[in-house]
Amino acid sequence: MAEALQKLILDTLDESDKIQDTRTLVIPGHRDPATSHETQITILGALNSLLSREIISYDTHETSTHALTPEGSQIVLEGSHEARVWAAVPGKGEGDPVGAQKLKEKVGDEAAKVGQGRAFKNNWIAKEGSGFVKAVARIIDSTQLELREVESTGTLQAGEKALAELRKRKLITQRKGQWFTVYKGPSFGTSIAKPETDLTVEMLSSGAWKTATFKKYNFDADGIPTLGGALHPLLRVREEIRSIFLEMGFEEMPTNSFVESGFWCFDALFVPQLHPARELQDTFYLSDPSTSLPPPEAYYKRVAEVHEQGGYGSIGYRTRWSHEESHKLLLRTHTTASSASMLYKLAARCRGEEIDDEGRESKSTVSLQVGEDGFRPAKLFSIDRVFRNETMDATHLAEFHQVEGVVADRNLTLADLIGFMRVFFKKMGMTDIRFKPAYNPYTEPSLEIFAFHPMLQKWVEIGNSGMFRPEMLEPMGFPKDVRVHGWGIGLERPTMIRYGITNIRTLVGHKTPIESVENAPAVMF
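Read in order, the letters of the sequence shown correspond to residues 1062 to 1586 in this note's numbering.
Don't read these hints as lab results, they were simulated from the structure.
Mixed in with the good hints there might be a few duds.
To be verified - Straight line, CA to CA, 25 Å or less: simulated BS3-like cross-link-like pairs of lysine-lysine:
(1) Lys-1079 <-> Lys-1068
(2) Lys-1182 <-> Lys-1153
(3) Lys-1541 <-> Lys-1406
(4) Lys-1167 <-> Lys-1153
(5) Lys-1153 <-> Lys-1188
(6) Lys-1174 <-> Lys-1229
(7) Lys-1245 <-> Lys-1276
(8) Lys-1182 <-> Lys-1165
(9) Lys-1174 <-> Lys-1163
(10) Lys-1167 <-> Lys-1231
(11) Lys-1519 <-> Lys-1488
(12) Lys-1068 <-> Lys-1276
(13) Lys-1406 <-> Lys-1362
(14) Lys-1182 <-> Lys-1163
(15) Lys-1406 <-> Lys-1389
(16) Lys-1440 <-> Lys-1487
(17) Lys-1174 <-> Lys-1231
(18) Lys-1237 <-> Lys-1222
(19) Lys-1572 <-> Lys-1519
(20) Lys-1188 <-> Lys-1174
(21) Lys-1389 <-> Lys-1362
(22) Lys-1188 <-> Lys-1165
(23) Lys-1497 <-> Lys-1519
(24) Lys-1188 <-> Lys-1167
(25) Lys-1541 <-> Lys-1362
(26) Lys-1245 <-> Lys-1068
(27) Lys-1255 <-> Lys-1277
(28) Lys-1182 <-> Lys-1231
(29) Lys-1231 <-> Lys-1165
As the list claims (entries may be wrong) - Derived CB-CB ranges, DEER-like:
(30) Lys-1572 <-> Pro-1337: 28 to 36 Å
(31) Asp-1477 <-> Leu-1292: 29 to 37 Å
(32) Asp-1470 <-> His-1336: 23 to 31 Å
Yeah, the Cβ is synthetic: ideal placement off N, Cα and C, and Gly gets one too.
The task is simple: from the sequences and hints, build the whole structure.
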């Protein structure tokens, strides 16, 4: 079909200088000229193929026609709604007036609904009693006449105003079309043989290349753009934060355990077993398996005792200890569970004790050295995913990343923590930082960390911090003068502030535009 159409175009051009109107062509296999829009699209494909070989050139002409809708076609056959209403009522004084319900039965609900109003507007019918009668003896159904004209010609002599009224009534639809004027090109010929695009081994061996016609190379054409690798903004900020920690002398903690027990995620941190954060609406619990292996027995007993009865200067929570609650498996709500495990290992090694391999014990790449006095300061960090049963909105997700850090040393103060956080965020390029007193079960005193978001024009909470309580540290076996700073900040919110992102759902997840990742600057100053 394509080759036959190209041949038709070339043969027609060969007989004259140009094809004035492609709508006059009669396509092979058809009896009538190619007037339809669909046929002209087919012709356009043939023209573009010939144009690429410089055999022809062409001009495009736009057209606009109208076609009847199903409702318009019905009016052409049966008359307009208003004309049918007029025909269904008696003349004045010639019979009983027709009521609204009777009118619907005669002409149908739609015709009665539309036609009644238009018939009144045209003064074709009048109200008499509880029904309707003819107000004039004869009418001219101009709507039906106009639609017949559109059906035959595709337009109206009455002009655009009349067409617009019919379109408004959804009786006609507008159709855009095109046709072409075709001229001979610089390489015009009646042959439709395509030029060769490649020089092959067969052509060289047979000598066919000597008589072959080759397609010209367009050395000015742009090649296909290459797609280079791109780092997601979240990964960039993650690597930047990791570099800052390493620069400041921190060692990275292993955080490969997404599933934790209630003991390590809450109990070891002195979070009460009745705390709202441990309820189903805040935490994802596992159904199979549902319980964990037991933690080190001696440590487990000390933690249970400080919760239930107190100790280390605390009266505890004075609530009954639940082994079932402690052994539940869950998706960790914070990476502080990993920090608690590493601090327990640090305290145990400082005492020269072996750590029980049961429970969540695993090999660590962190070097925890012991000094002569039994304690060596440690600075540890981690960056990994955590899970919370959150309602998702512009600044909250159910799965996100937490940046966790701890500093263990003797006689640390809250001022040390604030000073460190200011230095840390300054290295990230964030200077608008505020701290607000807060409450955490496992830190006292505690501080919430806020940063100013220039796009949202408000202060956004990006993290939490504080000094771990004696009820958490001393059951692990730390000396009384050892203090531990702990903090956790979100990775997503600092990234949003850095890249001017207002909705966290466009940063991660299925709504993330790939273009934003590919076009994001490699370095942010």
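A quick look at each hint next to the structure:
1. Lys-1079 <-> Lys-1068: holds, 15 Å
2. Lys-1182 <-> Lys-1153: holds, 18 Å
3. Lys-1541 <-> Lys-1406: holds, 17 Å
4. Lys-1167 <-> Lys-1153: The hint holds at about 18 Å.
5. Lys-1153 <-> Lys-1188: holds, 10 Å
6. Lys-1174 <-> Lys-1229: holds, 17 Å
7. Lys-1245 <-> Lys-1276: Since the Cα atoms of Lys-1245 and Lys-1276 sit roughly 18 Å apart, the hinted pair holds (cutoff 25 Å).
8. Lys-1182 <-> Lys-1165: Holds, at roughly 19 Å.
9. Lys-1174 <-> Lys-1163: Distance of about 12 Å is within 25 Å: holds.
10. Lys-1167 <-> Lys-1231: holds, 23 Å
11. Lys-1519 <-> Lys-1488: holds, 22 Å
12. Lys-1068 <-> Lys-1276: holds, 19 Å
13. Lys-1406 <-> Lys-1362: holds, 17 Å
14. Lys-1182 <-> Lys-1163: holds, 21 Å
15. Lys-1406 <-> Lys-1389: holds, 22 Å
16. Lys-1440 <-> Lys-1487: holds, 19 Å
17. Lys-1174 <-> Lys-1231: holds, 15 Å
18. Lys-1237 <-> Lys-1222: holds, 18 Å
19. Lys-1572 <-> Lys-1519: Within the cut-off at roughly 24 Å; holds.
20. Lys-1188 <-> Lys-1174: holds, 15 Å
21. Lys-1389 <-> Lys-1362: holds, 17 Å
22. Lys-1188 <-> Lys-1165: Judged against 25 Å, a Cα distance of about 16 Å means the pair holds.
23. Lys-1497 <-> Lys-1519: holds, 15 Å
24. Lys-1188 <-> Lys-1167: With a Cα-Cα distance of about 18 Å, the restraint between Lys-1188 and Lys-1167 holds, given a limit of 25 Å.
25. Lys-1541 <-> Lys-1362: holds, 20 Å
26. Lys-1245 <-> Lys-1068: holds, 13 Å
27. Lys-1255 <-> Lys-1277: Roughly 12 Å between the alpha carbons, so the hint for Lys-1255 and Lys-1277 holds.
28. Lys-1182 <-> Lys-1231: Holds, at about 19 Å.
29. Lys-1231 <-> Lys-1165: OK: Lys-1231 and Lys-1165 at ~21 Å, within 25 Å.
30. Lys-1572 <-> Pro-1337: 28 to 36 Å: holds, 30 Å
31. Asp-1477 <-> Leu-1292: 29 to 37 Å: Holds, at about 34 Å.
32. Asp-1470 <-> His-1336: 23 to 31 Å: holds, 29 Å
Every hint, counting from the list given before, is met by this structure.
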